[in-house]
Structures are given as C-alpha cells and as structure tokens.
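Protein chains in written order, with our numbering: chain A, 41 to 305; chain B, 41 to 305.
All clues given are correct.
Identical copies carry no separate label here, and so any pair may be met within one copy or between two of them.
In silico EDC-like links for lysine to aspartate or glutamate, alpha-carbon gap of 20 Å or less: (1) K69 to E57; (2) K143 to E188; (3) K300 to E245; (4) K185 to D226; (5) K185 to D166; (6) K62 to D102; (7) K273 to D73; (8) K272 to E245; (9) K131 to E156; (10) K185 to E141; (11) K69 to D271; (12) K273 to E245; (13) K69 to D102; (14) K61 to D102.
Because the hints were derived from the structure by calculation, they are not lab data.
Protein chains: 2
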Amino acid sequence: MIIVAERLNATRKAVREAIEKKDEALIIKEATDQYAAGADIIDVNAGAHPDREEADMTWMIDIVQGAVDVRISIDSSSSAVIIKNIHKLTKTPMINSVSLETKKLSEMRPALTEREADVVALCMDDAGLPKSADQAYDNALRMVKTLEGLGIAREHIFLDPLVQTISADHTKGLMVLETIERIRADIQGVHIVCGLSNISYGMPERFLLNRTFLVLAVGAGLDAAIIDPLDKKLTTAVTAAEMLLGNDPYCRNYLTQYRKNNIIP
Amino acid sequence: MIIVAERLNATRKAVREAIEKKDEALIIKEATDQYAAGADIIDVNAGAHPDREEADMTWMIDIVQGAVDVRISIDSSSSAVIIKNIHKLTKTPMINSVSLETKKLSEMRPALTEREADVVALCMDDAGLPKSADQAYDNALRMVKTLEGLGIAREHIFLDPLVQTISADHTKGLMVLETIERIRADIQGVHIVCGLSNISYGMPERFLLNRTFLVLAVGAGLDAAIIDPLDKKLTTAVTAAEMLLGNDPYCRNYLTQYRKNNIIP
Numbered sequence: 041m042i043i044v045a046e047r048l049n050a051t052r053k054a055v056r057e058a059i060e061k062k063d064e065a066l067i068i069k070e071a072t073d074q075y076a077a078g079a080d081i082i083d084v085n086a087g088a089h090p091d092r093e094e095a096d097m098t099w100m101i102d103i104v105q106g107a108v109d110v111r112i113s114i115d116s117s118s119s120a121v122i123i124k125n126i127h128k129l130t131k132t133p134m135i136n137s138v139s140l141e142t143k144k145l146s147e148m149r150p151a152l153t154e155r156e157a158d159v160v161a162l163c164m165d166d167a168g169l170p171k172s173a174d175q176a177y178d179n180a181l182r183m184v185k186t187l188e189g190l191g192i193a194r195e196h197i198f199l200d201p202l203v204q205t206i207s208a209d210h211t212k213g214l215m216v217l218e219t220i221e222r223i224r225a226d227i228q229g230v231h232i233v234c235g236l237s238n239i240s241y242g243m244p245e246r247f248l249l250n251r252t253f254l255v256l257a258v259g260a261g262l263d264a265a266i267i268d269p270l271d272k273k274l275t276t277a278v279t280a281a282e283m284l285l286g287n288d289p290y291c292r293n294y295l296t297q298y299r300k301n302n303i304i305p
Numbered sequence: 041m042i043i044v045a046e047r048l049n050a051t052r053k054a055v056r057e058a059i060e061k062k063d064e065a066l067i068i069k070e071a072t073d074q075y076a077a078g079a080d081i082i083d084v085n086a087g088a089h090p091d092r093e094e095a096d097m098t099w100m101i102d103i104v105q106g107a108v109d110v111r112i113s114i115d116s117s118s119s120a121v122i123i124k125n126i127h128k129l130t131k132t133p134m135i136n137s138v139s140l141e142t143k144k145l146s147e148m149r150p151a152l153t154e155r156e157a158d159v160v161a162l163c164m165d166d167a168g169l170p171k172s173a174d175q176a177y178d179n180a181l182r183m184v185k186t187l188e189g190l191g192i193a194r195e196h197i198f199l200d201p202l203v204q205t206i207s208a209d210h211t212k213g214l215m216v217l218e219t220i221e222r223i224r225a226d227i228q229g230v231h232i233v234c235g236l237s238n239i240s241y242g243m244p245e246r247f248l249l250n251r252t253f254l255v256l257a258v259g260a261g262l263d264a265a266i267i268d269p270l271d272k273k274l275t276t277a278v279t280a281a282e283m284l285l286g287n288d289p290y291c292r293n294y295l296t297q298y299r300k301n302n303i304i305p
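So here's chain A without its partners, still in its complex pose (with noise of 0.2 Å):
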C-alpha cells in the first residue's frame, strides 16, 4: 500500500494560517510526523491564496524538503503552480491531478512529461463526476489512453475513480468498489488510488465508515490511498487488511507493528 499523507492541505485551517503566518515550525511538524508515521509520500497544498499560491507552494515544499528525505506530491488545480513547482523537487513527484478536462490536460502536458512524474488521474472529463462504475472505468480506460498517449508509462499512473457521498446515494460506495474491481482485473499495470473522507459526508461516525471504506476498497484493488497517516486506526485498518488479503508474508508487518504499539483496534 502506497500512503500518500494528506495534512499538509490549505483547506486544513491550521495549515492555511501557517502558510499566512509563514509558520515553519507547523509545516516541519507535519511533514516529519506523518513521514515517521509510515507515509510514501507527502501531498502539498498551498491554495490558501489563488495570487499567492505558486510562492506558497515553493515556500512549502523547501521546508517539506528541507525536513524529511521524502517523495512529494505537488497538489493543486492550478496547472501553472504545478509546472513552475515541479522542477523543485529532488525525489520522483507526484502530481495530484490531472482529468480527462481537455484545456487542464494540455496546460499539464508539460509538467507531466518533463520529469516522469507520477500522475493521480481522475477519472472524469469535462462533463464531470461519472455517473456510474461503467462511466467511471470507461473514463479510467480514456485517461490512461490519453497519458499513454503523452508518452506517460501505466507504472507512473494513479487512476481515482473519485469517492463520492453515501448520504446523497446510497449506491456510490458500490459504485466505486466496482469500478476498483474492473480497474485492477482489466487495466494491467496502473496504479489505483483515491481519497475517502467524501464517502461519509453528513453521516455520523464518519472515521468509522471511511476506514471501513477503506478496508473493503484495498479488497477490491485499492493499492494507494491519500489519507491522515497519523489516524491510527485507520493504518491499522490496512496493516490488517494487507495481512488479511495475503499481503504480508509471515505477518511480519502486523506484528512488527503491533510490537510497536501500532495497532489500535
């Protein structure tokens, strides 16, 4: 399982007054506690300001940097801060995201082919969120035409088939679940990767419901999953899956991690 640790994110208020305040400490802070906590990778995202944003990003990743030897993924809906950050980064990048929106998709050519990044690939296009797992693989499917098309290889393409809310339908977890499973039969070779925390929203006990989420998406196929590191119920969800799903011969990392304190039930 690839973690991709998700805190450092301007939509986190203690992070969007870190990056107003210039507050190093936050930032390092979060960087080597979700880095000690297991993660692969460390998202970014510094959209506090639009006009502001490239810099705080720059500003962002060289403390990210400067604190932990780790991969980073450079987050944002803004293709020129992606592309004018991405040259920064001294370890693979992750670009989080790109979709099958065409103007987007040109803008990114660039970034995406310069540094053989690793790319989280939405799977929809300009009319939006799939309606149904047979739209979302069939976007899955376009999306990973397109980037091979740029000259992207599958091993460095993260699709995600885009969690939505169980509250407002109750068929959308499924609905995911399915287009993972189709993914990973049909699609040799990418990687699958998604958020969570949309499956639960207006519900309550919502860390229940998305870490349960969780454990039946790695079932079906999930390999990478953008989540609070630090939540430790929720890596313990997918140690134990991992082990579970035959994962982790000998059960040696669910016992290493429980000798660690790591497993809470």
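Using the hints provided, position chain B relative to the given structure of chain A.
For chain B alone, coordinates are given in the frame of chain A:
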C-alpha cells in the same frame, strides 16, 4: 446479512457448565440477549458430553424456543443428535453442518430432506480441509450437486468455505476470499456463510482481525455469518459494510442503529 448467533455453544465454559448443572437461566439469557442483538438464527451446540448430547440438545432447544420466537441451528458433529432433535423445531431448521464426507452425509440424508432445512455445507471431503481456492471451489460445486441430488434447493444451501488460520499460512485469508468471490460469481442462488475466529488464531488483537476479515468477506460476497451478535464493534462493522456496499437503501439501517447507540467505532 443473515446473523447466526454462536454463543450457545458447549465449547464455551459457561455454556458447558450450564448444561451440566441444568442452569436454565443462563441458556434463557444467552438466547434472549442474542435475539435482542439481532440474531436471525440461534445456533445451539450441546456437545458437552457425547453420551448425553442428544438429551442435552433436546433440553436446550426446549429452553431456547420457550424463551424466544427464533429459528434454531442444530449444531452437532453427531448425525444421531441432529436426526433425533430436528422434529422438535417449530421454525425452519438450520443444520450445522454437513460435508462431503460420504459416511456422514449418508447418515444425515433423512434429516436433510425431512424438514426443508437450511444446511451449512462445509467445503471439505474425506480428504480434509481444502488446500487452495481451486480445491475449495471444486468442493463447493460438488457439495451443491450432491445436495441438489438429495432434493435440497439452492436457497437452503449455505456453503462454508472454511476459514483457516493465517498465522500458520499468510495466504489462507486470501484463499477464503477468492473462494467466496468465485462461488458468488459462478454458483447462482446459494448462500455463503462462515465463522471467523479461526482466521486470527495465535495472533494479537483477534477481535480487530476477525471484524476486518468479516468486512473483506462481505465485500467478496458473504451473505451470512456465524458470529457473536453481542460484539457491537463486530455488528457495527457488518452494518457499515452493508451500507457502503449499497445494501442499505437511504442508509436507513445504519442511521437507525446509530440512534439506538449500536454503532460502536
């Protein structure tokens, strides 16, 4: 999800002692508690003393049926105990269990056909436990053919893929999940049931592992489980998984259970 409640089992010390002392109160309490917690079927295992099991089973069935209006699963390794007691059941019986072991199956035949009972059918034969998902699936297919040959409809067949211990072989969880997926995809109309506790034998935090495995199994196609319905974290996992899999229209059951304080994260 069909919940078969497992607590009235003579392998539990309290139940064995209640059988020995003819302590009706404990049997009544376990039956009423499990029924109140949502049991669809109450499993009754009276195997404390082989020479008295038949009479003990009669005694327990009378008490459970006197206490709650619920279906009963007669759980015994003795064909005689099942055959002698099945006529006592006022509701559709479940028989736990039969397998492809030829001698036992031929002994059980009268009991199976007499009452249109549900049958827990273990995916094993005279050769013992299956060693692979292929073998378990092959046993499942032979089991269905054999039971259909005896006149038992598929809707009464509860295939049990036989959960084995992951601490002895880290592929055993995946083996069961693959067996469940294949049965669900290829053998129409049957139920799939399992117990959980074998999976975590010898590992720390067994309850966590059991409920994580249950979520994965429900995701793979399990539609019945032999569990302790008083374990609220476990029933919460079932309720949450069912909702996330689209089996809870308008999320109504999840929200109802939440209001009843039955959702324990």
